[in-house]
Structures are given as C-alpha cells and as structure tokens.
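Protein chains: 2
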Amino acid sequence: MRKLTAGEKRRSGCPLNASVEILGDRWSLLIIRDMMLRGFRTYKEFLGSYEQIATNILADRLRNLEKHGIIATEEDPSDGRKVNYVLTKKGIDLAPVLTEMVLWAGGHEKTENQALVQLMRKDKEAFLAEIRARWENGSGKKK
Amino acid sequence: MRKLTAGEKRRSGCPLNASVEILGDRWSLLIIRDMMLRGFRTYKEFLGSYEQIATNILADRLRNLEKHGIIATEEDPSDGRKVNYVLTKKGIDLAPVLTEMVLWAGGHEKTENQALVQLMRKDKEAFLAEIRARWENGSGKKK
DNA sequence: CCACATTACTTGCAAAACGCAAGTGAAAAA
DNA sequence: TTTTTCACTTGCGTTTTGCAAGTAATGTGG
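Order-wise, the sequence lines are chains Y and V.
For the first sequence, my numbering begins at 1 and goes up steadily by one.
For the second sequence, my numbering begins at 1 and goes up steadily by one.
Check the hints yourself; a few may be wrong.
25 Å max Cα-Cα, derived BS3-like pairs, lysine-lysine [what the hints assert, rightly or not]:
{"id": "1", "chain 1": "Y", "residue 1": "Lys124", "chain 2": "V", "residue 2": "Lys90"}
{"id": "2", "chain 1": "V", "residue 1": "Lys124", "chain 2": "Y", "residue 2": "Lys89"}
{"id": "3", "chain 1": "Y", "residue 1": "Lys110", "chain 2": "V", "residue 2": "Lys110"}
{"id": "4", "chain 1": "V", "residue 1": "Lys9", "chain 2": "V", "residue 2": "Lys90"}
{"id": "5", "chain 1": "Y", "residue 1": "Lys124", "chain 2": "V", "residue 2": "Lys122"}
{"id": "6", "chain 1": "Y", "residue 1": "Lys110", "chain 2": "V", "residue 2": "Lys82"}
{"id": "7", "chain 1": "Y", "residue 1": "Lys110", "chain 2": "V", "residue 2": "Lys90"}
{"id": "8", "chain 1": "V", "residue 1": "Lys124", "chain 2": "Y", "residue 2": "Lys124"}
{"id": "9", "chain 1": "Y", "residue 1": "Lys89", "chain 2": "V", "residue 2": "Lys90"}
{"id": "10", "chain 1": "Y", "residue 1": "Lys44", "chain 2": "Y", "residue 2": "Lys9"}
{"id": "11", "chain 1": "Y", "residue 1": "Lys67", "chain 2": "V", "residue 2": "Lys124"}
{"id": "12", "chain 1": "V", "residue 1": "Lys67", "chain 2": "Y", "residue 2": "Lys90"}
{"id": "13", "chain 1": "V", "residue 1": "Lys110", "chain 2": "V", "residue 2": "Lys124"}
For the record, the hints were derived by calculation from the structure and aren't laboratory data.
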C-alpha cells in the first residue's frame, strides 16, 4: 500500500473514492484494458488503439499509472528507443473491475465484442484465472 | 438498451469504453454509492456527503445518470419541493462494479471503512444479494 | 396570512484539464 | 550518413470543473 505523497489529499477515506480518484477518467482504464487483454506494451501501440488518445494525454496517464504503482516501465533490451510498460500485481488486480464494467455495459448498452461479453459471462472465474496466469509468468502474452 | 441520441458518438464499440464514457469521472460512481449503500435519495443528501460535490456538478451528474437510465426521479408525495432519486435496474446492476472497485482500493490503497471491505471480501455474493433484495422491494432502505 | 426557512436547482466567472497540431531528441535502419 | 522510428514535450484554444452567489417554488411557525 503506497503512502500519499506530499501534495496529495483524498477527498475522503472511502475505498470507492480512492478508486475513482485514481482511475476515474476517460482513458486510464482503456490503457489497462489494452495491456491486460491485448498485450500492448509500448507507447506506440497505445496510440494505435481504436479510441485515439492524444499523445500528451497518453504520456500523462502512463506517468500517473506508474506513480500509483499500477504499471511499471522496463527498458527494451534489444531496442534502446522503446519503453515497455507492464502491469504490476496491483494492475493485474484490476481485472475483476474491468470484467464487471464490461459485463455491465455489455448487458445494458449497445456494444460490439459480444464474444468477449459472452466469454466473461459464461465463466467469469475461468476468464480471470487465465488473465492472472498469463501475467504470472511475466509476459502478459497469450500462449 | 438505449439508443444513442443524435449528437452522441462513441469513440469505439468496446463495452469497457461505453462504461468509461458514461461513468468515467470523479463523481458519478460516488452518487451511485450514496444511493446504493447509504439509501440517499435527495439532492440535499448528496450535497451533504463527505466528498463535498459542488451544486452545479451534482445537478449535471444527476441529469446525466438519468439520461442514461441509471437513475430515475420521483416526486415526493408529502413534500412538493423534494425530488427523490432512485436507482433503476440498470443502476442496481452497477453493484458488482462498485464492489470490485471497493475491494481493489481496500486491498491496495490506504483507506477507511475496512469493515465494508471485509464484509465484501468475506462473502461477495451474499453482499450483492442483499443489495439487490433491498432494491427489489422498492425502497432501497435497510430493513 | 405573512415572514422566514427549506429544497433544488441556475448563473457567472476563474482555474484546471483536455485535446489537437507541431516540434524535439535519442536510437535504429537504410 | 541520411532517414525513419520511437517516445515523448510544447503551445494554444476549447471544454470541464469548481466556487460563490442568486433564484423560484414549496413548506412551516407565529
């Protein structure tokens, strides 16, 4: 559990408020999604995602997620220009949050990717177990 | 499932993106929390909540939640000044999302109300069933 | 019945966040 | 060695947020 750094003050001690202060914007969870579900790791990959985040916002969000210990950076051993972003344990633990948000919208809004929704709905625990397994062995990539 | 009204365009069809576009701000989920967990129903009660939302933001967020069919308004039979806000089925269905966000922050951030976190952790399904039951019989209030 | 209180807002304005377009510097590729 | 790629930063206009104050409708006490 990280401490709050100097300037930070929470509006309240409520756990939901903490989540909302850290993740409550239009981009942070989409970045997590791209890492968790699509195996994205680089700035360029995030920029290529369908929702078209702006470059400065992406840089800001990555900084923020790292500051909160949700992602970490690694330098690419084979390419000095690249920065690889990876989920930490804290980041992987957001899988149930993402899942419930997908299920909620999948059931109440007109959305695509109903295949994913069906998969999650059919066996939520198996789905979560697979994500955890993928990240436990380092890569975050599908086998 | 509601249709998108004229001016609205989703950045993508991803269900997570839909959730984030509807609920991804610093206040909407706190309002849902106050309704779901504390039985709040009026503008004044929301204003009195610990996080101190501004009056114009509250009005805007309530409008938005109603527009998305997450809450509904009822006029108070005994007091013509009051407007009672209640969760719809779609709103109640956000309970798992709230729960997972509470559990995540409860486990990874320094927060208060660990009693709630423990309760959710110990038997998540029972907790969700109780919330649904409370709202099924109309009131949303604890017995 | 009349003054005052309460409820649910709206309005105005300053500050912060967001988003687009363009630019930069370091490393790799041609 | 020139060009391309990658991960950003900077400038600037627009939108959102947040504070303070105001308003209209309804209810209450004397």
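Restraint status (C-alpha distance of Y:Lys124 to V:Lys122 at most 25 Å):
holds (18 Å)
Below or equal to 25 Å on CA atoms is what counts here, so check Y:Lys89 against V:Lys90.
violated (31 Å)
Pairwise hint evaluation, V:Lys124 against V:Lys110, where the allowed Cα distance is 25 Å at most:
holds (21 Å)
Compare the distance between the alpha carbons of Y:Lys67 and V:Lys124 with 25 Å, and conclude whether the hinted pair is satisfied.
violated (30 Å)
Tell me if the straight-line CA distance from V:Lys67 to Y:Lys90 falls inside 25 Å.
violated (34 Å)
Take a quick look at whether Y:Lys110 and V:Lys90 sit within 25 Å of each other, Cα to Cα.
holds (13 Å)
Is V:Lys124 close enough to Y:Lys124, meaning Cα to Cα at most 25 Å?
With a Cα-Cα distance of about 14 Å, the restraint between V:Lys124 and Y:Lys124 holds, given a limit of 25 Å.
Pair hint outcome, Y:Lys44 versus Y:Lys9 [Cα-Cα no greater than 25 Å]:
Status violated; Cα separation ~33 Å.
Given the hinted pair Y:Lys110 and V:Lys110, is their alpha-carbon gap at most 25 Å?
violated (37 Å)
Please work out if V:Lys124 and Y:Lys89 have their alpha carbons no farther apart than 25 Å.
It holds: about 21 Å lies between the C-alpha atoms, which stays within 25 Å.
Is the Cα-Cα distance between V:Lys9 and V:Lys90 25 Å or less?
The given pair, whose Cα atoms are some 21 Å apart, holds under the 25 Å limit.
Measure nothing beyond the straight line between the CA atoms of Y:Lys124 and V:Lys90; if it is 25 Å or shorter, mark the hint as holding.
Since the Cα atoms of Y:Lys124 and V:Lys90 sit roughly 20 Å apart, the hinted pair holds (cutoff 25 Å).
In summary, the structure is inconsistent with hints 3, 6, 9, 10, 11, 12 from the numbered list given earlier, while agreeing with the others.
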